[in-house]
Amino acid sequence: MTDILFTNARLIDPSQNLDASGQLAITNGVISAVDAGPADSNSAKADKIIDCRGACIAPGLIDMRVQTADPGSEHLEDLATLLAAAAAGGITGLGCLPNTQPVIDNAAMIDSLGLRASRAAGPRLHIYGAATKGLTGTEMAELGLMAEAGAVAFTNATESIGDSLVMRRLLAYSNMLDKPVIQHCEDASLAAGGEMNESETSTRLGLIGIPAIAEAVIVERDIQLMRLTGARYHVAHLSTRAGIDAVRRAKAEGLPITADTAPPYFLLNEISVSTYDTAFKLSPPLRSEDDRQAVIEAIADGTIDAIASDHVPVDGDAKAQPFGLAQPGASGLDTLLALTMNLVQQDQISLLRAFEALSLAPATILDVAGGTLMPGAAADMIVIRLDTGWLVRGANFASLSKITPFEGQPVQGLVDATYVNGVCVFNRHT
Amino acid sequence: MNMSTDTTPASAVSLLQAGNAAMLPTPHLLGIEGMNPLEIRSLLDRGDQFADAIQQSGDDLSPLSDVLQGKTIINLFYENSTRTRVSFELAAKRLGGAVLNISVAGSSVKKGETLLDTATTLNAMHPHILVVRHNCSGATQLLSHHVDAAVINAGDGRHEHPTQALLDALTIRRRVGHIEGLKIAICGDVANSRVARSNIHLLGTLGAEVRLVSPATLLPTGIGQMGVSIATNLEEGIRDADIVMMLRLQTERMAGTETPSQREYYNLFGLDRSKLMRAAPNALIMHPGPMNRGVEIDSAMADDAQKSLIRTQVEIGVAARMACLEAMAVRLASEAKKYGDGS
Numbered sequence: 001m002t003d004i005l006f007t008n009a010r011l012i013d014p015s016q017n018l019d020a021s022g023q024l025a026i027t028n029g030v031i032s033a034v035d036a037g038p039a040d041s042n043s044a045k046a047d048k049i050i051d052c053r054g055a056c057i058a059p060g061l062i063d064m065r066v067q068t069a070d071p072g073s074e075h076l077e078d079l080a081t082l083l084a085a086a087a088a089g090g091i092t093g094l095g096c097l098p099n100t101q102p103v104i105d106n107a108a109m110i111d112s113l114g115l116r117a118s119r120a121a122g123p124r125l126h127i128y129g130a131a132t133k134g135l136t137g138t139e140m141a142e143l144g145l146m147a148e149a150g151a152v153a154f155t156n157a158t159e160s161i162g163d164s165l166v167m168r169r170l171l172a173y174s175n176m177l178d179k180p181v182i183q184h185c186e187d188a189s190l191a192a193g194g195e196m197n198e199s200e201t202s203t204r205l206g207l208i209g210i211p212a213i214a215e216a217v218i219v220e221r222d223i224q225l226m227r228l229t230g231a232r233y234h235v236a237h238l239s240t241r242a243g244i245d246a247v248r249r250a251k252a253e254g255l256p257i258t259a260d261t262a263p264p265y266f267l268l269n270e271i272s273v274s275t276y277d278t279a280f281k282l283s284p285p286l287r288s289e290d291d292r293q294a295v296i297e298a299i300a301d302g303t304i305d306a307i308a309s310d311h312v313p314v315d316g317d318a319k320a321q322p323f324g325l326a327q328p329g330a331s332g333l334d335t336l337l338a339l340t341m342n343l344v345q346q347d348q349i350s351l352l353r354a355f356e357a358l359s360l361a362p363a364t365i366l367d368v369a370g371g372t373l374m375p376g377a378a379a380d381m382i383v384i385r386l387d388t389g390w391l392v393r394g395a396n397f398a399s400l401s402k403i404t405p406f407e408g409q410p411v412q413g414l415v416d417a418t419y420v421n422g423v424c425v426f427n428r429h430t
Numbered sequence: 001m002n003m004s005t006d007t008t009p010a011s012a013v014s015l016l017q018a019g020n021a022a023m024l025p026t027p028h029l030l031g032i033e034g035m036n037p038l039e040i041r042s043l044l045d046r047g048d049q050f051a052d053a054i055q056q057s058g059d060d061l062s063p064l065s066d067v068l069q070g071k072t073i074i075n076l077f078y079e080n081s082t083r084t085r086v087s088f089e090l091a092a093k094r095l096g097g098a099v100l101n102i103s104v105a106g107s108s109v110k111k112g113e114t115l116l117d118t119a120t121t122l123n124a125m126h127p128h129i130l131v132v133r134h135n136c137s138g139a140t141q142l143l144s145h146h147v148d149a150a151v152i153n154a155g156d157g158r159h160e161h162p163t164q165a166l167l168d169a170l171t172i173r174r175r176v177g178h179i180e181g182l183k184i185a186i187c188g189d190v191a192n193s194r195v196a197r198s199n200i201h202l203l204g205t206l207g208a209e210v211r212l213v214s215p216a217t218l219l220p221t222g223i224g225q226m227g228v229s230i231a232t233n234l235e236e237g238i239r240d241a242d243i244v245m246m247l248r249l250q251t252e253r254m255a256g257t258e259t260p261s262q263r264e265y266y267n268l269f270g271l272d273r274s275k276l277m278r279a280a281p282n283a284l285i286m287h288p289g290p291m292n293r294g295v296e297i298d299s300a301m302a303d304d305a306q307k308s309l310i311r312t313q314v315e316i317g318v319a320a321r322m323a324c325l326e327a328m329a330v331r332l333a334s335e336a337k338k339y340g341d342g343s
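Same order as they appear, the protein sequences are chains A and B. Per the numbering used here: the first sequence ends with 430, consecutive numbering throughout. Per the numbering used here: the second sequence ends with 343, consecutive numbering throughout.
Keep in mind that the hints were calculated from the coordinates and are not lab data. Treat the numbers as computed from the prediction; the structure is a model and nothing was measured.
Under 7 angstroms between C-beta atoms, here's a sample of chain B residues computed to sit facing chain A:
| id | residue |
| --- | --- |
| 1 | 116 |
| 2 | 136 |
| 3 | 137 |
| 4 | 138 |
| 5 | 139 |
| 6 | 158 |
| 7 | 222 |
Beta carbons are placed, not taken as given, at the ideal position from N, Cα and C, and that holds for glycine.
Pulled out of the complex, with its shape left as it was, chain B reads as follows (with noise of 0.2 angstroms):
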């Protein structure tokens, strides 16, 4: 983290200027899983400084760098969201790129058009960086071998969702200063989450020591396999955990045959006051978001200022998506220079 206080907006921008950009060895960002320490750490210690950045630009929203300068970016979302999505438009808007949303909801998706068609479609128009939430695993990748742009994953299905585990390491590191063996207890719908899934591979990739918290019938087969340790009791699974990242139970899990109610998911994997009590003194709290209040987590937790790290994962979301979407400018400014301009 960059502490110094006295630089001034004129020599932040200087700070930022593109060739501190973090080097990724892919054309796109599809996920954690593959990405060596040295990438992930490069995507975070770039964060870091945009996060300064941001902090001390305050309420002036202007660029703080033009890497994405006549480049259009567009957020093409399959699926419902707000934070991701606002989230990617101002870290794209902060680099001085034009962004286009595109919202799919999924009965159009029924009426006809396939994925490729609007693949292709969207091609067409030549954006440089696709921004892509779809509710299927692996559609990211499968869109990425169809368009000429750069293609982030915004969340594909139950697979990944890896800028929301760079912005989750991003707070960590923020906070407490290190990733490496910190106690990391993940909680919740692992099963159904890709938040989960990229946060395994980015924490344990960093040497921290993960642990998963979920009721038996929410745990994936072979997940022990991945790295992790496993406890179906929050007491047990959080005790002296550093960070305690909280899932969303999906609501239409609430009841069924994975959980029997929301009121026994809250007795026994809620987060209150007097289960966080096992963890470590100091431990904080995480969630991506959105958040069920007396389900997963409760509001007193959710809120507490001093434990709950909610609202910085969000601020610090931007800057960590600013690092992503520069390394793709950087890498598509290097491509072309290679392949010479416009061929």
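Next comes chain A alone, as it looks inside the complex (with noise of 0.2 angstroms):
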């Protein structure tokens, strides 16, 4: 007996190159049949049946970079606001990073955060264990206890392993565990102080800038590394096209790189910081319009796997400072689907290729549930309306961090609902 029908729904699915009419069955939490056609006998058997009108039926996004204030700085966003922001955005598995407070570099907090997220019953929380102790960057921490804990990746959050013996060690060690290590890349020294790109356009502002380079410089070493160790490795937030380079080099050689962006480095370019509006201070820095074209390319391409919100719970208070003194980062998560929708409707990407990379491809490179709708996977899934139109504000997010570059923008794409193991988790109409 299926528990829910879904019927003239536009079913959009990279992993079985489906885009078409037709219907969705959910039983016991799975996705239990997907026909592409008009409907049929079968929707006489179910228990509830939801007519999508046209409305987009797509695996639901897995965003892999997130930071979450819980625990340590719940008021900036806790785990109730982050997931109900997630499910809003149509996201239905989340990549968070250890740099919380305390910091997530051992297998007790593992345990606390994923039981509280498992208790919220909202999208998943799939946890990145620290990569060393107390982010430091100098002590491996406690992996293998992590990953039994249920670590999906290591990574040092917003910092570079800039020790390359410990990023070494830090390869061959997860490569045992068979999982990931994930690098914010960005050489600590070359950045020192910076506070936007570095270009004609710093110097003109008088802002410290960060060169370009600085991040192909760790891509590099790391990718070096990986030629020793084999082991799994993911660029984040990749923003230049020197760091591209050495990626698409990387896969060229058949080494086991991947890497994701976030809607800023496709979308806005280091010109927005002309201002000194602080809503633009990310890190890293928005680049030039060679690198923001080269992020495009390589989105379409394949050498960026992944788009995720790099999503940073931060208040109004962080921000109405002086450039060089406002954190950097923002909200991410309400915005992540529709930003990305931009490509698609600039025909730079297909609107396959854009949920390959919001869905398939992070739940590929996690290893986690989620990412397609074949029969028998979880009913992970969002029904959304693609040609809906709306204003991006701050003030409307589910999530408690208003502040995005985004503000007042309009945008195109809208989710509807979003189901996590067959449950609604968002309903925009109730």
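Take the two lone chains, each set in its own frame, and fit them into one complex as the hints suggest.
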């Protein structure tokens, strides 16, 4: 007996190369049938029939890069608002960074956060363990115990692991555990004191520049270390042409390297900083137009596998500062889908490629549930209206974090409902 | 320059009626970038008149205009300053304004109050003009969005120091007669200098040929796209220059990764008599102060009565700032007329 039958839907699933109208059935939290074509007699046997009236059904988004302020700074974002914002944004799984207070660098922290998330019965929380104790970049954390507790990857969160020996050993050890290491690629000494991308613009504004090559320096070094260790390695929020070129070459060589980027890096460039508006202060910084074009090319050709929100809980106080003193980062969960649809509307990538980057690729990289509408898969899926426009207004975000570099921008693509394990965790109309 | 010598102080005052004030298109003076030659020239012309009037009035420091009568000017300085703050204070007083000085040391900022909270507090006291210096680039722009007063940038981080550039240009113009066509070398720590940026914009806009001379480590990325030529050798860079403008090397940068040592910097980039030989025969020396004698400039050069304009710069600074303050005040008055007083 089918629990829910969705009819008159446009089914989008990159894992089956599927973009067709049809219907989808959920039974016991699992996708039980996907049929392209008109409704058949099965419809009578469902507990509940939802007529999608042409809306799209796609696998739920898996957001590979999310910062939670819980535990530690719950006033900025607690687990409840984080998961609610994710659900409202069509995100059914999110990978959260370990830079909480205390740092997620041991199994007990993973247990506790994982348990609290599972009680919330919302999107799935995939926890990244800290690669080094206290995120100091010097001593390896208990990766094995964290992996047993459910850590899906290891990372030093918002800082690069600068010490090459530490990085070598991390790669070797995590390879043994078959978990990827996720790196924020930015050479700390080249980026020291940096406020924005280094360029003529930074010189005009008198802001301290972070050179674009600070990214490639770390990517290139880590590629050398991958050759030594054979480990899986993932570049977070890739944003420069030089870094992209390095990843592209490593992929051509057959190394198990993957990468993600975030909407600001394919929709905005450093010129946005010209008014010293701190909503545009991000890490990595907004880059040059050439870098932005390179990011778009790399998403299209698959050099960049995934698109993540790079959600950072940050409040108005931290942003109402002179540019140099303001905290980097912005809210992203509410806007990830609609902003990515810009690339589809501008014919830069196909709709299927967009969902591959938002859903299938992160599921594969992190080896977690979701990312597909294949019968038998967990029913982590969304109902969306691709042609519905709305205005980005931070004040309307489900997230507690209201700062966005896209404030006031019109976008297209609205989430109607989000399902995790066949359970509706968000419905715009109820 | 007004060359008349028979003008009495009384007629000087009549000359300085606000009708001759410079007109600016924006309510704030945050930077030179984006100003057109007419706006810059109107400030320089007015500054010229003030400079004459100051010279004529000698030791008599009574106001030369009443344009700031009944107006409050707050000097809000987040960085230490002697000359700029005093210069603004004198300028405001000679326009009849009441001046308040607030120095916020770096440490008390860390104690809690943010720039915007300070702005809100000051705003409640209804000052007419805020003169602001801050160590963060863009801080004065941020402040201008949150106060009702007109904001004058007295130096923001590495970004701009517009009144310094105006006083530099006025100093040059009063001595040489023009800016257009002059070869002007700006030498030293360009990367960390707001004075350099404002001067590049201003002197370039007025048609001077601007060259930068700096060690490669103190040349910021893309500066060559700002309409200047670049040299990393002082003797080469100042060849045939009419004006040699030295920049202050911040003491914390004298050793480390930006320059190897004070000694080496002086040897390679310090201005002394033999290096100055490369410049034009009547070349003039400028420095925004405070100077590091024996680092970027030799004392004999700094104190050379014929060649050095450094003291004149300080004197002219008051006149240049009077022109800026007056332009702000005149604009405030016209805004008040437009929208009705007190509303």
